[in-house]
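**Q** For reference, the chains in residue letters:
2 protein chains.
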Amino acid sequence: CSYFGLPLTIYMVKVSYDQKPFRKTVMQVFDGKVISSPSDTTQVGKMLIEQNPNSNGSLGCAISEAVEKAVTTPNTRYVLGSVLNQVLLHQSVIGLECKTALEMYDEYPDIIIGCAGGGSNLGGLISPFMQDKITGKANPRIIAVEPASCPSFTRGKYSYDFCDTGKITPMAKMYTLGSGFMPSANHAGGLRYHGMSPILSKLYHDGYLEATSVEQSKVFKAAVLFSKLETILPAPESAHAISGAIDEALKCKESGEAKTILFGLSGTGFFDMPGYNDYLTGKMTDYIPTDEELEKSFATLPKVD
Amino acid sequence: CSYFGLPLTIYMVKVSYDQKPFRKTVMQVFDGKVISSPSDTTQVGKMLIEQNPNSNGSLGCAISEAVEKAVTTPNTRYVLGSVLNQVLLHQSVIGLECKTALEMYDEYPDIIIGCAGGGSNLGGLISPFMQDKITGKANPRIIAVEPASCPSFTRGKYSYDFCDTGKITPMAKMYTLGSGFMPSANHAGGLRYHGMSPILSKLYHDGYLEATSVEQSKVFKAAVLFSKLETILPAPESAHAISGAIDEALKCKESGEAKTILFGLSGTGFFDMPGYNDYLTGKMTDYIPTDEELEKSFATLPKVD
Numbered sequence: 001c002s003y004f005g006l007p008l009t010i011y012m013v014k015v016s017y018d019q020k021p022f023r024k025t026v027m028q029v030f031d032g033k034v035i036s037s038p039s040d041t042t043q044v045g046k047m048l049i050e051q052n053p054n055s056n057g058s059l060g061c062a063i064s065e066a067v068e069k070a071v072t073t074p075n076t077r078y079v080l081g082s083v084l085n086q087v088l089l090h091q092s093v094i095g096l097e098c099k100t101a102l103e104m105y106d107e108y109p110d111i112i113i114g115c116a117g118g119g120s121n122l123g124g125l126i127s128p129f130m131q132d133k134i135t136g137k138a139n140p141r142i143i144a145v146e147p148a149s150c151p152s153f154t155r156g157k158y159s160y161d162f163c164d165t166g167k168i169t170p171m172a173k174m175y176t177l178g179s180g181f182m183p184s185a186n187h188a189g190g191l192r193y194h195g196m197s198p199i200l201s202k203l204y205h206d207g208y209l210e211a212t213s214v215e216q217s218k219v220f221k222a223a224v225l226f227s228k229l230e231t232i233l234p235a236p237e238s239a240h241a242i243s244g245a246i247d248e249a250l251k252c253k254e255s256g257e258a259k260t261i262l263f264g265l266s267g268t269g270f271f272d273m274p275g276y277n278d279y280l281t282g283k284m285t286d287y288i289p290t291d292e293e294l295e296k297s298f299a300t301l302p303k304v305d
Numbered sequence: 001c002s003y004f005g006l007p008l009t010i011y012m013v014k015v016s017y018d019q020k021p022f023r024k025t026v027m028q029v030f031d032g033k034v035i036s037s038p039s040d041t042t043q044v045g046k047m048l049i050e051q052n053p054n055s056n057g058s059l060g061c062a063i064s065e066a067v068e069k070a071v072t073t074p075n076t077r078y079v080l081g082s083v084l085n086q087v088l089l090h091q092s093v094i095g096l097e098c099k100t101a102l103e104m105y106d107e108y109p110d111i112i113i114g115c116a117g118g119g120s121n122l123g124g125l126i127s128p129f130m131q132d133k134i135t136g137k138a139n140p141r142i143i144a145v146e147p148a149s150c151p152s153f154t155r156g157k158y159s160y161d162f163c164d165t166g167k168i169t170p171m172a173k174m175y176t177l178g179s180g181f182m183p184s185a186n187h188a189g190g191l192r193y194h195g196m197s198p199i200l201s202k203l204y205h206d207g208y209l210e211a212t213s214v215e216q217s218k219v220f221k222a223a224v225l226f227s228k229l230e231t232i233l234p235a236p237e238s239a240h241a242i243s244g245a246i247d248e249a250l251k252c253k254e255s256g257e258a259k260t261i262l263f264g265l266s267g268t269g270f271f272d273m274p275g276y277n278d279y280l281t282g283k284m285t286d287y288i289p290t291d292e293e294l295e296k297s298f299a300t301l302p303k304v305d
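Line order of the protein sequences matches chains W and S.
Every letter in the first sequence is one number past the one before it in the numbering used here, and letter 55, counting from 1, is 55.
Every letter in the second sequence is one number past the one before it in the numbering used here, and letter 93, counting from 1, is 93.
Worth flagging that the hints you see were computed from the coordinates, not collected in a lab.
These numbers were taken from a predicted model, which means no experiment stands behind them.
Don't take each hint at face value.
Identical copies go unnamed one by one, so any copy, or any two together, can satisfy a pair.
Dumping the calculated EDC-like pairs for lysine to aspartate or glutamate here, alpha-carbon to alpha-carbon at most 16 Å [unchecked claim]:
#	residue 1	residue 2
1	Lys253	Asp206
2	Lys221	Asp31
3	Lys137	Glu254
4	Lys24	Asp278
5	Lys218	Glu248
6	Lys24	Glu215
7	Lys20	Asp132
8	Lys218	Asp40
9	Lys296	Glu215
10	Lys24	Glu248
11	Lys228	Asp31
12	Lys20	Glu254
13	Lys167	Glu254
14	Lys133	Glu248
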């Protein structure tokens, strides 16, 4: 935005604003105005604070605030970086590049693994291979790895739901934990969204896509192992995919099968050193919502005929 | 080291250990044992703590501790990342790549600008061009940009001195502020060394190399401007070179001359967000040592016939 001369306001989930101040500072370097959400700059933010003054916020809250701000401010548009169809389309360059690169090595993946929060990263990686699968040209296994703390695919409901906590967006049919689901203040912030991309949800529902969930400490264990072997420090989000790839590779080792595994390493962990430090010093805890918590959240799903 | 199965101990300057915990955590991810220096693990560390219990440490202190540990531990070697001749040789790949890249554009730099702390980064960038200059093939201006807080070239003495605070290393003839110089706890940690590479010192002494110094807040101003224009967030060390390049480009703008300027952008600022935050929130201060402080440090220079 700074580069194009556009003013930018960002609604940043409160827990990330507090735990990840450097991401905020990066945005400020580029003249972005960063607001901790929920905030008192919107009606929905004020309502959410009134309901819970100690709210950590969530992507769903931040979306509500940003949408309200956008629709009530002239000449302003709202942009979301995940979930939506056009974002997946945009991200598909990841998968197209991977496919071309693999062709140069005369390889085709037997298994494709991506991390899944809202789904754009995963959707971008798998899209060209999913096309092959749907059209019958190839039959790779495609696996989404999501955090056990926010398990939209593996424990969510396939249902119409709001994309935001404040219920001001249109509804989408997707795997969801309920727009009222408030995920724990854990570290893989980029994967902390109550729902999953409608496209991916449909593919999962129809059996084209598998899903698995993994606890945070196992994710960081995989990240540290990967760092040591590859000298690349991955983002915790990406490390979900790494964890999944390690699991599949170990299965191959056991069975003696040779398989080509493609996984998405989408981000650097340079901004996530507090998480790494928590892991290395034994301070990291795993949070897995109980069935009761999920049922309570499912009860907030809108009734649709 | 982790990749090659070698155990690694790092003596990290105390002020960096405290201010930049994420660098420490990165090293720990790779199984590095990181010790805040001065420490009680060496004789020289104990001595330095006794002299000043509140010491922030310096590269000179950390070198003393690491050298002592290395020479008193079997099968252990000491590695320094800057200053020394073999490090400059190793870094010269930077300059060779730049030269080849410029040849592809049919360009040769009129001005070459690098940041200067111990000098390895600068030395690596300029070496192939310096060869041209010395052999008379070309005559580019070559400019070192150092922090005003630690001005070895611009305010130092060309003299024999110890490379470390504890005076246990061999002496080197170099521009130095005195091995007892304790730089302020500012942000551009990588440029906080009392001396300058002997090779670069000789070249500067003989007039092949210019030098300039710049205050920290001007460095961050340049870094933020560069970020916005280029969408790359530079390390504060690299931003010294950026600041120098902006100055030279503005001179060209004023005079109407067209010049090709090459500068070294050597590192990411992702680990330096506290510094950026201090700058953006107006908390950053500039420290420039007084002549009296420098004279006091020069008085500690060893007497050599």
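**Q** Each hint needs a verdict: does it hold in this structure or not?
**A** Status of each hint after checking the structure:
no., hint, verdict
1, Lys253 - Asp206, "neither (30 Å within a copy, 62 Å between copies)"
2, Lys221 - Asp31, "between (36 Å within a copy, 13 Å between copies)"
3, Lys137 - Glu254, "neither (29 Å within a copy, 62 Å between copies)"
4, Lys24 - Asp278, "between (21 Å within a copy, 13 Å between copies)"
5, Lys218 - Glu248, "within (15 Å within a copy, 51 Å between copies)"
6, Lys24 - Glu215, "neither (26 Å within a copy, 25 Å between copies)"
7, Lys20 - Asp132, "neither (39 Å within a copy, 47 Å between copies)"
8, Lys218 - Asp40, "neither (37 Å within a copy, 36 Å between copies)"
9, Lys296 - Glu215, "neither (22 Å within a copy, 57 Å between copies)"
10, Lys24 - Glu248, "neither (36 Å within a copy, 32 Å between copies)"
11, Lys228 - Asp31, "between (36 Å within a copy, 8 Å between copies)"
12, Lys20 - Glu254, "neither (40 Å within a copy, 42 Å between copies)"
13, Lys167 - Glu254, "neither (48 Å within a copy, 57 Å between copies)"
14, Lys133 - Glu248, "neither (20 Å within a copy, 57 Å between copies)"
Violated hints, in rising order: 1, 3, 6, 7, 8, 9, 10, 12, 13, 14; the structure is consistent with all others.
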